[in-house]
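Undergrad: Could you slot chain X onto chain E? The hints should help.
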Amino acid sequence: MVTKLAEKQQPSPSAGGRSATKWIMTLLSSSIGQKFVMGITGLLLCSFLVVHLAGNLLVYVGADAYNTYAKELHSMLLLPVAEVGLFLLLFTHIALAFKLTRDNQRARQVGYQQTQSKIQEKPSLFGQTPMGRTSSWMFISGAIILAFLIVHMIDMKLHLNPSVEYSIKTPEGVVEAKPYDIIIQVLGSLTAPIYIVGTIVLGFHLSHGFWSAFQSLGLNHPKYMPWIKKLAILFAFVIAAGFASLPIWGLFIH
Amino acid sequence: MSETLDLTLKVWRQPGSDAPGRYVEYKLTGISTHMSFLEMLDVLNEQLIAKGEEMIAFDHDCREGICGMCSLMINGQAHGPDTGTTTCQLHMRRFKNRDTIVVEPWRAKAFPVIRDLVVDRSAFDRIIEKGGFISVNTGSAPEANAIPVPAHIQETAMDAAACIGCGACVAACKNASAMLFVSAKVSHLSTLPQGQPERASRAQNMVAQMDLEGFGNCTNTEECQAACPAEISVSNIARLNREYLRAKLCSYE
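The listed protein sequences derive, respectively, from chains E and X. Under this note's numbering, read the first sequence as residues 1 to 254, first letter to last. Under this note's numbering, read the second sequence as residues 1001 to 1253, first letter to last.
So that you can see chain E by itself, here it is in the shape it has in the complex:
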């Protein structure tokens, strides 16, 4: 026992140190620091979802409104910078998810024969998945969202969906189709059911992730935590219903 104890002693009593970079490194390599980054990136990605949904709902306003929005958006000088930022947020969030999940699996190498939750509170809307509580399946829901995101990139960024005509022949030659015509085709194509599943799973992910981010940032107070938890359900519902409505509309109504 004595040798084991000695092995686990820390090298120095002060974990931080006063050097200008060392404290950042210990912060980012600690479990709490990594959860902090997870929470910050998650909340920033949530803010992207709001903007993205608002823009996409213009499809319901009409072809002109949507085409103008797309044109204005893509003519913004800082758009590539924003896109790189968004990619970095996603990459950090996903890379940390892999790292933390691997740590968590290593922390219990021999599992239980049976487990049963002692939480008595009834799960809320999105609170329960067929596999258990939503909070226990964040990695799985995240992985499904990532798969959906890859399909989404193939459709909208790489323009490789075989059932969508991204360019049209005109008397003047081949020109790129209008954004509205592309999105209408995508929303009615074979990938549309993936969009429905992906965005509903996103709702489950957000219902836990949104309030969990506040908790990881230390923002928990009896005055506002109940509201944050309610807001998480509302936010998850608005995002999931808003995005899922688009392929449903594209497949069955349009």
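Since the hints were derived computationally from the structure, they do not count as laboratory data. Computed from a predicted structure; not experimentally measured. Built from N, CA and C at the ideal position, the CB exists for glycine as well. Some hints could be false.
Per the computed footprint, the stretches of chain X lying under chain E, defined by three or more beta-carbons under 8 Å from a beta-carbon of chain E, are [said to hold, decoys possible]:
| hint | segment |
| --- | --- |
| 1 | 1073-1083 |
| 2 | 1101-1107 |
| 3 | 1170-1178 |
| 4 | 1206-1219 |
| 5 | 1227-1238 |
| 6 | 1244-1253 |
TA: For chain X alone, coordinates are given in the frame of chain E:
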């Protein structure tokens, strides 16, 4: 309701820390519903001794829910089906006749099994050694009104201090995270005036040791709070996150 129970027990048996373990079934008859869970295990051990078999090792001490020695995962629940109690406070009247009860040790890399249902929880002691104290010379008790403490702070600190260090939070967490334990210890001291001088080093050093011991990360599933016999709230985990960030960003340590 019958006064006695016939039960099947599936118990994890492991002769030593490096030896392989397995589940062994035991039949018990005529168990009084007034017995505590540990008394039921005592009865089983008496029978095993009478048969010349090795008895089941399990941790226990005060048997009144305050020492934090007893553990046991009972049918997949830390300290059994009741909330806010320890295994020693669980009574056999909570079970039905002919039930099968699965009894497992806490499972975590940081809590290696020593024998059968006994695990080594000295990882908690090493975390406490890193900051779960205040460095003052104890003398005669000071004047009670010399250091004013608001009532709600007293309540917060006392609620956190209720932690008995049993490890149910780690056992119930799907990530085997010790955040509830560490957060209770940090909250208990950092909310009180006496804990202020070491506030920043305490949060940093205890978290560093927690990570070093190989506990998992907190994913806010709140299973720890539900399993805790002292009903420690996860709001303490948010406080620990705050304390840690505050120490990293605002202190000179």
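Undergrad: If a hint holds in the structure, say so; if it does not, say that too.
TA: Structure-based check of all given hints:
1. 1073-1083: Answer holds; 7 residues pass the 8 Å Cβ test.
2. 1101-1107: holds (count 3)
3. 1170-1178: Satisfied; 5 residues make the cut.
4. 1206-1219: holds (count 13)
5. 1227-1238: holds (count 5)
6. 1244-1253: Coverage by chain E holds for the segment 1244-1253 of chain X (7 residues, Cβ < 8 Å).
In the structure shown, no violation is registered for any of the earlier numbered hints.
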